Amino acid sequence: MTFYAPFCLPFILGAALMFIIVAWKWILWLLRLPRSDKRLILRGLFTHRTLGAAWEVVRESLLHRRIFRVNPLLGYMHMSLAFGWFLLIVMGWIETISYVGFRWVPLQGHVFFKYFATSLPHKPFFDFAMDLLLLFVLSGVALAWGKRLYSRAMGMRRTTKHVLGDRIALSALWFIFPARLVAESTTCALYGGGGFLTGSIGGWMGAHIGVLPLMNLETVAWWFYSSCLGLFFVALPFSRYMHIFTEIPLIFLRHYRLRSTEKHSSYDHFQIEACSRCGICIDPCQLQSVLGINDVQSVYFLRDRRYGMLTRPVADNCLMCGRCEEKCPVGIDLNTLRLNSRDRMRNVPDERRYTYLRGVDRSSGEGKVGYFAGCMTLLTPRTLSAMSTIFEAAGEEVWWADREGGVCCGRPLKLSGETDSARKMMRYNTELFRKHGITTLVTSCPICLKVFREDYDLPGIEVLHHSEYILRLIRAGRLSPTHGTTRYTYHDPCELGRGSGIYDEPRAVIEAVGELLEPASTRENALCCGSSVANLAISDGQQLQIARSVAAEMEATGAEVIVTACPLCKKAIGRGTRRPVVDLSEIVAASLK
Amino acid sequence: MKKRVIVIGGGIAGMQTALRLAEQGVEPVLIEKEPELGGKLRGWHVLFPSFTPAQEVLTELRRRVNDSGIECRMSAEVCSVSPREVVLSGGERLACDAVVLASGFTLFDASIKEEYGYGIYDNVVTSADLERMFNEGRVAKADGSAPRRIAFLHCVGSRDEKVCQQHCSKVCCVTGVKQAIEMKRLFPESDVFNFYMDIRMFGPGYEEMYREAQQTYNIHFVRGRISEASPTLEGRVQIKAEDTLTGRPLRMSVDMLVLLIGMRANDDNEQLARGAGLERARSGFMKPRDLFLGNVCSNIGGIFYAGTISAPKNIGESLNEATAAADAAARYVMQ
Amino acid sequence: MAAINFGYTISKPRAIDLDRNNLRKSDEILHEMPELQTCIGCGACTAVCTAGNLTDFNFRRTHTLVRRGEYEGIYAEMNKCMLCGKCRLVCPRGINTRAVVMLVKRKLGDF
Chain A
0 MTFYAPFCLP FILGAALMFI IVAWKWILWL LRLPRSDKRL ILRGLFTHRT
50 LGAAWEVVRE SLLHRRIFRV NPLLGYMHMS LAFGWFLLIV MGWIETISYV
100 GFRWVPLQGH VFFKYFATSL PHKPFFDFAM DLLLLFVLSG VALAWGKRLY
150 SRAMGMRRTT KHVLGDRIAL SALWFIFPAR LVAESTTCAL YGGGGFLTGS
200 IGGWMGAHIG VLPLMNLETV AWWFYSSCLG LFFVALPFSR YMHIFTEIPL
250 IFLRHYRLRS TEKHSSYDHF QIEACSRCGI CIDPCQLQSV LGINDVQSVY
300 FLRDRRYGML TRPVADNCLM CGRCEEKCPV GIDLNTLRLN SRDRMRNVPD
350 ERRYTYLRGV DRSSGEGKVG YFAGCMTLLT PRTLSAMSTI FEAAGEEVWW
400 ADREGGVCCG RPLKLSGETD SARKMMRYNT ELFRKHGITT LVTSCPICLK
450 VFREDYDLPG IEVLHHSEYI LRLIRAGRLS PTHGTTRYTY HDPCELGRGS
500 GIYDEPRAVI EAVGELLEPA STRENALCCG SSVANLAISD GQQLQIARSV
550 AAEMEATGAE VIVTACPLCK KAIGRGTRRP VVDLSEIVAA SLK
Chain B
0 MKKRVIVIGG GIAGMQTALR LAEQGVEPVL IEKEPELGGK LRGWHVLFPS
50 FTPAQEVLTE LRRRVNDSGI ECRMSAEVCS VSPREVVLSG GERLACDAVV
100 LASGFTLFDA SIKEEYGYGI YDNVVTSADL ERMFNEGRVA KADGSAPRRI
150 AFLHCVGSRD EKVCQQHCSK VCCVTGVKQA IEMKRLFPES DVFNFYMDIR
200 MFGPGYEEMY REAQQTYNIH FVRGRISEAS PTLEGRVQIK AEDTLTGRPL
250 RMSVDMLVLL IGMRANDDNE QLARGAGLER ARSGFMKPRD LFLGNVCSNI
300 GGIFYAGTIS APKNIGESLN EATAAADAAA RYVMQ
Chain C
0 MAAINFGYTI SKPRAIDLDR NNLRKSDEIL HEMPELQTCI GCGACTAVCT
50 AGNLTDFNFR RTHTLVRRGE YEGIYAEMNK CMLCGKCRLV CPRGINTRAV
100 VMLVKRKLGD F
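Protein chains in written order, with numbering that gives the first Met the number 0: chain A, 0 to 592; chain B, 0 to 334; chain C, 0 to 110.
Treat the hints with care, since some could be wrong.
[Claimed, not checked] Below, computed lysine-lysine pairings styled on DSS-like, alpha-carbon distance capped at 25 Å: (1) Lys-39(B) <-> Lys-169(B); (2) Lys-169(B) <-> Lys-183(B); (3) Lys-104(C) <-> Lys-262(A); (4) Lys-423(A) <-> Lys-104(C); (5) Lys-37(A) <-> Lys-262(A); (6) Lys-106(C) <-> Lys-262(A); (7) Lys-106(C) <-> Lys-423(A).
Since the hints were derived computationally from the structure, they do not count as laboratory data.
Since this is a predicted model, take the numbers as computed values, not measurements.
From just these sequences and the hints, can you work out the full model?
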């Protein structure tokens with residue numbers, strides 16, 4: 000039995016080309032990984048991490064569990080295409096084996112088995128199973144067509160605007176399974192067999208179309224099917240469909256603890272090309288929903304970066320609020336990638352920079368607890384005086400790091416991409432903290448908090464946000480706020496919530512002094528105030544627009560007072576509302592009587 | 000039967016409008032949300048540039064209103080207007096033939112500019128607080144002592160995008176100079192500093208007063224916006240600014256920091272405008288039909304504007320505009 | 000406190016000669032960020048400046064010099080900025096001051 004016909008040619012060529020290119024990419028990316036990353040892979044390879052990764056591949060690459068959480072219909076669409084196609088391939092192999100036994104069959108033999116197996120006796124089970132799986136995949140294709148027309152049904156207000164290459168691959172993909180249905184049905188019409196789908200359609204065709212036209216149709220249909228496959232395979236490594244073969248190694252590498260950093264590395268390729276451009280990141284983006292900016296979202300950023308056409312305006316225009324990252328079904332580290340793109344565009348190492356920091360010390364007071372207000376907090380003196388009241392009430396001896404003006408924590412500069420220079424500020428502050436012998440470092444600014452925890456090396460110093468610190472004081476009985484009747488609502492600052500995972504402490508503190516009402520978007524889904532220092536592009540007016548939309552949501556809770564725990568959020572939201580916007584520390588200080 | 004025009008707001012503009020309408024043979028009805036007439040002027044001490052006591056102007060206007068027997072509805076709040084009807088918040092509906100909106104402005108809440116410490120530190124006061132102190136005859140620090148060093152900060156809540164107040168409030172510059180002189184008269188030994196971005200002396204006698212403040216009273220003018228205020232251990236207020244004329248940062252401790260707060264559009268302008276289909280400027284103030292030949296007319300026939308409902312104005316301008324609005328309303332109802 | 004002197008200074012004793020100064024870079028900067036032109040020179044940015052608290056860095060003067068076509072030493076001056084963003088929070092004109100620093104540095108990087 001030969002498994003070759005001329006129509007197989009497009010498929011064979013396409014598949015071969017695809018495998019060569021994908022393998023080339025994988026090998027190149029892996030070889031170029033930094034030595035430390037390679038070591039991590041070797042160390043993780045023969046551990047339970049590999050199993051964990053394999054299980055995640057099943058869950059995410061095949062079943063698309065995370066997309067189900069965004070919207071069940073959308074999840075089904077992705078699952079039917081990925082898992083359905085996968086099952087079709089697996090079942091196809093089993094089918095071939097059951098017919099011809101364990102012998103080598105070329106790839107096209109498996110794929111076009113229906114065409115070659117006309118002379119063999121039919122096995123109704125496989126006819127049925129293969130048709131069922133084909134129907135499964137076709138339902139996904141139908142949904143994909145439907146999504147183009149009406150994406151809202153799948154919980155997406157907006158879908159990705161695709162580039163030409165993606166459109167070609169997408170069209171080819173859309174035609175593969177309808178083409179397969181027609182091809183198999185015509186073969187069934189001529190030679191009998193087939194399940195409830197191909198068999199029935201074949202029977203109908205046999206009854207209504209003459210043999211000669213059917214034979215011509217069969218040739219055309221199989222050629223078309225093979226060409227669609229071939230075209231799709233050729234386009235795959237260059238289009239968004241590369242994600243199919245990138246997400247799998249990405250999951251493994253992630254389980255081996257590889258991470259992107261502020262500097263570009265080869266690992267970034269796995270993240271960037273794992274983006275399927277599903278566009279789930281578009282809807283959460285407030286630049287889109289409030290400002291109508293449509294070309295900077297993570298999907299476009301990754302696309303532009305992948306094809307080497309990333310521009311500064313796109314890289315700069317992001318709040319780095321992490322709302323999209325929270326929703327990304329592939330779990331791509333979007334903020335870090337954005338950051339290391341900025342690093343490539345803007346980082347200019349300069350030894351002479353910030354030499355003026357040498358010897359500076361404006362700190363005051365003495366104590367084991369250090370308080371770093373942060374630059375922005377110096378512009379919200381109510382927070383400062385509230386913290387002072389709290390420290391006093393708790394009888395805490397405090398070393399004030401920057402009340403008379405200090406040195407910036409370095410995170411704003413880092414977020415702008417000048418990562419090397421930012422390190423100089425970090426080194427300065429680290430030395431300052433060590434010099435004064437503190438054991439606890441409290442800050443009111445979540446931006447500072449995040450950089451202290453992630454980039455500073457502070458052995459023996461526990462870094463706390465003031466919300467955590469205040470809660471500890473309350474729980475230890477060192478502060479006894481009185482519970483009042485005021486109704487508060489709480490705005491999660493991005494750097495505190497999604498950035499540092501601190502959601503519960505501020506809420507517990509608020510509940511100790513009054514009633515807490517949650518806004519519509521809260522915790523992981525909380526909105527960004529719009530004034531994030533990470534966005535280098537939007538104007539003051541645009542910041543205000545976002546602030547107003549956030550304030551409107553906070554006001555809708557009916558709370559009398561809007562509470563937040565970040566000086567920048569406080570300033571920003573305060574511009575958008577006439578209701579009082581206060582820092583967490585203020586309501587605590589006011590309740591101490 | 001006499002035509003009836005409802006004047007909303009019993010401040011100086013409203014009173015003057017009502018008086019002029021009565022003169023023209025129209026029946027005015029004054030609606031005032033407070034229990035007495037006078038509006039913002041009640042809180043003022045003396046008026047620039049002549050140092051005329053505000054009471055003088057106020058008493059005379061009130062007397063005239065009283066004498067002319069104008070119907071005044073006190074402690075009444077308006078919830079919607081149309082050219083033929085005004086609805087009070089109690090639900091009462093007042094029929095009329097035209098409406099003049101003279102509900103004025105709201106003082107900017109200085110505590111929004113948190114970095115200046117108003118409401119946080121002692122001895123940070125607003126220009127309105129200072130007028131009240133002048134009226135009470137007790138100008139002093141929180142501890143009762145006399146201030147020796149006083150700073151005035153111009154443009155608090157004016158020309159500031161950060162508090163969504165893009166407009167110039169027009170009268171704070173001259174108020175700042177006036178109050179500086181008053182402080183200097185009260186405390187001749189004190190040093191008075193005015194921190195400004197631009198000094199806008201637009202009226203007759205203003206520039207002369209400015210010059211007098213500099214030359215006769217030795218008041219210092221520093222060109223720079225104060226950026227932060229913080230308390231010192233001795234209970235003073237430390238302020239930071241850039242002295243832009245020397246290009247160097249400046250810091251100083253003062254006994255009293257006076258914030259010259261600006262004028263803000265009333266919050267209920269939005270509701271009134273929405274109900275009646277009136278246009279508002281970006282600043283939130285009402286937008287006159289045009290700025291030249293229809294500056295007291297709204298875009299809706301039968302609704303007119305007098306005074307600071309449409310933009311910050313001084314007292315003279317408000318009174319003139321009130322007369323013009325009354326004339327326009329009278330002409331409208333007589334037709 | 001004295002800053003490290005790199006051999007040039009931004010306050011020169013000579014007049015700003017707008018007949019001679021080449022405003023091309025300045026025009027490019029203002030073309031990309033027209034809002035910089037709205038500066039009223041109130042100095043609030045400079046008064047709050049974290050770097051200005053430790054050095055003679057003066058953002059207001061520095062960007063004004065750029066707009067007058069005086070570019071010498073500007074890059075090094077702007078490099079003193081920590082990009083903390085306090086100035087943006089106080090600017091009454093709503094100028095994106097951080098973006099100004101980055102733009103000026105990008106445009107004048109070769110000086």
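Right, here's what the structure says about each hint:
1. A hinted pair counts as satisfied when its Cα atoms are at most 25 Å apart, and Lys-39(B) with Lys-169(B) qualifies at roughly 16 Å.
2. Among the hinted pairs, Lys-169(B) with Lys-183(B) is consistent with the structure: their alpha-carbon atoms are about 23 Å apart, no more than 25 Å.
3. Taken as a hint, the Lys-104(C) and Lys-262(A) pair is honoured in the structure, with Cα atoms around 21 Å apart against an allowance of 25 Å.
4. Using a Cα cut-off of 25 Å, the hinted pair Lys-423(A) and Lys-104(C) holds, with the two alpha carbons roughly 19 Å apart.
5. Simply put, Lys-37(A) and Lys-262(A) have alpha-carbon atoms about 17 Å apart, close enough for the 25 Å limit, and the pair holds.
6. Taking the CA atoms of Lys-106(C) and Lys-262(A), the gap is about 24 Å. The hint holds against a cut of 25 Å.
7. For the hint linking Lys-106(C) to Lys-423(A), the alpha-carbon distance of about 24 Å falls within 25 Å, and the restraint holds.
The structure shown violates none of the earlier numbered hints.
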